[in-house]
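The chain contents come next:
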Amino acid sequence: EVQLVQSGAEVKKPGESLRISCKASGYSFATYWIGWVRQMPGKGLEWMGIIYPGDSDTRYSPSFQGQVTISADKSIRTAYLQWSSLKASDSAMYYCARTIRDRPSDGFDVWGQGTTVTVSS
Amino acid sequence: QSVLTQPPSVSAAPGQKVTISCSGSSSNIGNNFVSWYQQLPGTAPKLLLYDNNKRPSGIPDRFSGSKSGTSATLGITGLQTGDEADYYCGTWDSSLSTEGVFGGGTKLTVL
Chain A
1 EVQLVQSGAE VKKPGESLRI SCKASGYSFA TYWIGWVRQM PGKGLEWMGI
51 IYPGDSDTRY SPSFQGQVTI SADKSIRTAY LQWSSLKASD SAMYYCARTI
101 RDRPSDGFDV WGQGTTVTVS S
Chain B
122 QSVLTQPPSV SAAPGQKVTI SCSGSSSNIG NNFVSWYQQL PGTAPKLLLY
172 DNNKRPSGIP DRFSGSKSGT SATLGITGLQ TGDEADYYCG TWDSSLSTEG
222 VFGGGTKLTV L
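Protein chains in written order, with the numbering used here: chain A, 1 to 121; chain B, 122 to 232.
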């Protein structure tokens with residue numbers, strides 16, 4: 001079964017760093033793009049960025065460029081989303097998702113269960 | 122606001138048909154495939170359609186998609202109460218900064 005399992009909920013203070021993870025199983029991790037999607041409370045989906053684990057080619061939405069870092073470790077089939085200095089406005093649900101094929105422009109056919117990030121002093 | 126425009130809400134009675142529109146431009150819908158996602162309350166989004174009108178395995182043929190120019194449409198027939206959810210269109214935008222984009226989402230209410 002193709003699956004993406006995300007790390008658990010996080011509660012952090014403003015200014016702290018954070019890395020959340022997305023572990024893949026059931027398919028060739030290196031040959032599909034993995035994207036990250038933000039959903040703020042009561043709001044819609046926002047495309048943040050995407051990575052090709054095979055060569056770590058990464059694309060970011062201009063809205064998130066410089067605000068987060070997307071990475072992947074092929075050896076443990078895991079993608080990451082990280083922040084160096086969290087803000088309260090980063091509080092949201094974050095989903096990872098796999099592309100249907102090997103193009104970043106493809107839709108997402110498999111989604112993780114989501115990771116809730118709460119940033120509060 | 123979102124690059125892709127969807128109506129905030131639509132509603133219809135059980136058994137009826139509903140359509141949800143997604144309007145974009147030549148840099149996104151006009152030159153790229155559209156996907157549609159269903160998000161039931163409290164759950165992760167689920168792929169309903171890809172490549173404008175293809176259904177993944179397990180998605181009933183009550184769900185259909187079409188694209189014309191810079192707009193796409195999701196159609197749902199034989200509405201069921203279980204279809205009550207948020208629906209999002211998504212595609213790629215090939216303007217100055219290539220990136221994925223989603224519509225703002227449409228809340229479907231089955232009356």
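The reader is advised that the hints may include incorrect statements.
Quick list of simulated restraints, FRET-style, between CB atoms [what the hints assert, rightly or not]: (1) Gln137/B <-> Ser25/A: 36 to 42 Å; (2) Gln3/A <-> Lys175/B: 19 to 25 Å; (3) Ala30/A <-> Gln201/B: 35 to 41 Å; (4) Gln65/A <-> Asn152/B: 19 to 25 Å.
Keep in mind the hints are simulated off the structure, nothing from the lab.
Glycine residues also receive a C-beta, built at the ideal position from the N, C-alpha and C atoms.
Status of the hints after comparison with the structure:
no.: 1; hint: Gln137/B <-> Ser25/A: 36 to 42 Å; result: holds (40 Å)
no.: 2; hint: Gln3/A <-> Lys175/B: 19 to 25 Å; result: holds (22 Å)
no.: 3; hint: Ala30/A <-> Gln201/B: 35 to 41 Å; result: holds (39 Å)
no.: 4; hint: Gln65/A <-> Asn152/B: 19 to 25 Å; result: holds (23 Å)
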